[in-house]
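Top to bottom, those sequences are chains D and F.
At position 36 of the first sequence the residue is numbered 36 (the working numbering), and the sequence of numbers has no breaks.
For the working numbering, add 298 to where a residue sits in the second sequence, where the first one is 1.
FYI, nobody ran anything at the bench for these hints, they're computed from the structure.
It is possible that part of the hints are untrue.
Between beta-carbon pairs, the in silico distance windows are [unchecked claim]:
id	chain 1	residue 1	chain 2	residue 2	range
1	F	Thr480	D	Lys215	38 to 46 Å
2	F	Arg405	D	Ile25	34 to 42 Å
3	D	Ile189	F	Glu619	46 to 54 Å
4	F	Asp463	D	Lys215	27 to 35 Å
Some chain F residues close to chain D (C-beta under 8 Å, calculated; not the full set) [to be verified]:
id	residue
5	Ala348
6	Glu351
7	Tyr359
8	Ala363
9	Pro370
10	Lys371
11	Leu375
12	His387
13	Phe396
14	Ala397
Glycine residues also receive a C-beta, built at the ideal position from the N, C-alpha and C atoms.
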Amino acid sequence: MSAPATNEQRADIFFYGFLIALVVISLGPIVLMLLTSLRLKVDIVSDTASLIFLPTMRNYETVLCNILWYTPQHVEYCNPTFGRALGNSLFVATVSTGITLVFGCMAAYGIVRFRFLGRGTVSLTTLLMRMVPPAVLLVPVFGIWSFNFCFGEDACLAGTHGGIVLIYVAMNLPFVIWILQSFIKQVPIQLEEAAKMDGANAFQVFFLVVLPVIKPGLAAAAIFTFRIAWNEFLLANALLDRSTRTVPVTLVNSLTEHDIDWGVIMATGMLLAIPPIIFTFIASRQIITGMTAGAVKG
Amino acid sequence: MPKIHFDHIEKSFGTVRVLPPLDLQLNDGEFTVLVGPSGCGKSTTLRILAGLESLSAGEIYFDDAPISHLAPKDRDLAMVFQDYALYPHMDIARNMSFALRLQRAPRAEIAAKVQRVAEMLNIAHLLDRKPAELSGGQRQRVAMGRALVRDASTFLFDEPLSNLDAKLRAKMRTELAEMRDTLDKNMIYVTHDQIEAMTLGDRIVVMSEGVIQQQGSPEELFKTPANQFVAGFIGSPTMNFLGGSLAREADRLWVRGDGFLLPLTDEQSGRLNGNTPGDVSVGIRPSSFSADPKVGAPIELHLAVSEYLGAQSVLVTRCGEEEVLVEYDSATPMKSGVSMTFGVRPEDIMLFDRASGARL
């Protein structure tokens, strides 16, 4: 123990110090958010802020007041905004992920397995589409969604769930096609030929053989798409109205000049983080190594 | 079982012609082996029959009905792939029953068929495992089981044993031979291994560069090869070819080369029928040499290496400049570096035209 530290041990100290710093940087804000969400307003704004306080679920009760099965005592007026936003977010993210995957896997399969005029161009341009930053799309999409696609007096695509799902699908499709292409390329062609010999038609080959084999790819694409749709703020802020707003937009809108209830905001933030974690956890169980293990001679 | 007839089928990939017009008629219930070196078009022929490749020209008939417009699933064929091609996400039972499930066969019938075939192939205890948990030999059995469950009229095998190790390959070969005798089906088997071809085939079709060199029973191919290619391809160790020329001396035809002079039989001379090309290739099988120089004509060989294989040894010898393989009983000790006289019976000698390779 008393022996002088060797160079290696010193390097270890630096290495672990660096790791600890990284952990603090990435976990610090989350811990702060969690602690704040568990405090009463008095505790948050008091000058003697300390780590010692009485944790309370009041902020969460406030946020979820219209979803809870009981009426929290401290809530005088139940603001339904957050409950509605959570529903909106779940709907928009799930539906856009589903649609993106359905079209994405079929498009990727077509590009990989079928020979047609302009195949290379299609493959390349889908990825180029991804290079366009969403902010660039914002103005034209806002204009078109608000004025060109209207049904009836003042109901337009802007402000509807359909409008935002459409733009999310368009935004994520290129990447999903691109990521699934590489997975489909790894499926041995003999598997498809074997299925054809076994009497499968083109759709059965795709749905019964190719899709189950690329499940890890679908899961990865699903996590990616869901997270983008869940977190997206810019387009959602511009295109959605009061009743269709998603959680990120609601969160920002609750920072008003009259009153900032940090406890409620932090509780909302915690709740915002939970669904993607659950979704990622479920989806990542599909990502197992060696998706084609045992299919063909390695 | 349908009679299969390839009527002048052709296949080109772009400008590369893989199969020149190929005409082949397969008999009912026969085990046909397509054999040839890599790239000779045997696999392409099989894939065209399976419907996995399209035809560039020609037509395939099953009992006089053209089938080249049919999808693979409508041809009533089952195929075993070289790389097994098992569905990795299904267990073995589901792998084997995939075709039947697509046909919407009754569940009880599927289970019974799978069980029967699995017992036949000794894989009944593996039915609930995934392909990744199986060894190479077991996977190969499953691949065969998947084809057998189908009860199709014709079975296609695309080099099914080439991924197995030597011992397992020999075992599976024997099992396939047994299976051939119990199943009354058309079987078409592609391989580059002449031993598989010889042991399994009722009829062997030897191909080279897309052209059928010869077809016939294993014995026909071994005893009466049509040309130098077939003679060199069939038989192990391979036939020796020595350059030589024909000469008439003492009222008899002789073939003379670098370090040997061998007489021809009357039957061989008669077949030549006065047509005596200057340059010939003399083909002698390694098994045709006898240690007793008094058997037939003597030929002196210089021993270079002796490869001990157990009961038999293969001697690598030189005759003049050319290498000659001799099969020899290991019981007699051999010394390398000495010259020894062997006997060759004239009727075991085959003559080939040096230019065209055709048998004379």
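Cross-check of the supplied hints:
1. Restraint check, Thr480(F) to Lys215(D): a C-beta distance of roughly 39 Å satisfies the suggested window 38 to 46 Å.
2. At about 58 Å, the beta-carbon gap between Arg405(F) and Ile25(D) misses the expected band of 34 to 42 Å.
3. Distance hint check for Ile189(D) and Glu619(F): the Cβ-Cβ separation is about 48 Å, which falls inside the suggested range of 46 to 54 Å.
4. Taking the beta carbon of each, Asp463(F) and Lys215(D) are about 32 Å apart, inside 27 to 35 Å as hinted.
5. A hinted interface residue such as Ala348(F) counts as satisfied when its beta carbon comes closer than 8 Å to some beta carbon of chain D; here the least separation is about 6 Å, so the hint holds.
6. Because the closest C-beta pair between Glu351(F) and chain D is about 10 Å apart, greater than 8 Å, the hint is violated.
7. Restraint check, Tyr359(F) versus chain D: the minimum CB separation of about 20 Å is more than 8 Å; hint violated.
8. For Ala363(F), the interface hint is violated, the least distance from its beta-carbon to any beta-carbon of chain D being 19 Å, above 8 Å.
9. With a cut of 8 Å, the hint placing Pro370(F) at the interface with chain D holds, because the nearest CB-to-CB distance is about 5 Å.
10. Interface restraint check for Lys371(F): the shortest CB-CB distance to chain D comes to about 4 Å, inside 8 Å, so the restraint holds.
11. For Leu375(F), the shortest C-beta to C-beta distance to chain D is roughly 7 Å, which falls under 8 Å, so the interface hint holds.
12. With its C-beta approaching chain D no nearer than about 4 Å, His387(F) sits inside the 8 Å limit, and its interface hint holds.
13. Annotation: Phe396(F) was flagged as interfacial toward chain D, and the flag holds, the nearest CB pair being 5 Å apart, inside 8 Å.
14. Nearest Cβ of chain D to the Cβ of Ala397(F): about 4 Å, under the 8 Å cut. The hint holds.
When the structure is compared with the earlier hints, violations turn up for hints 2, 6, 7 and 8 and for no others.
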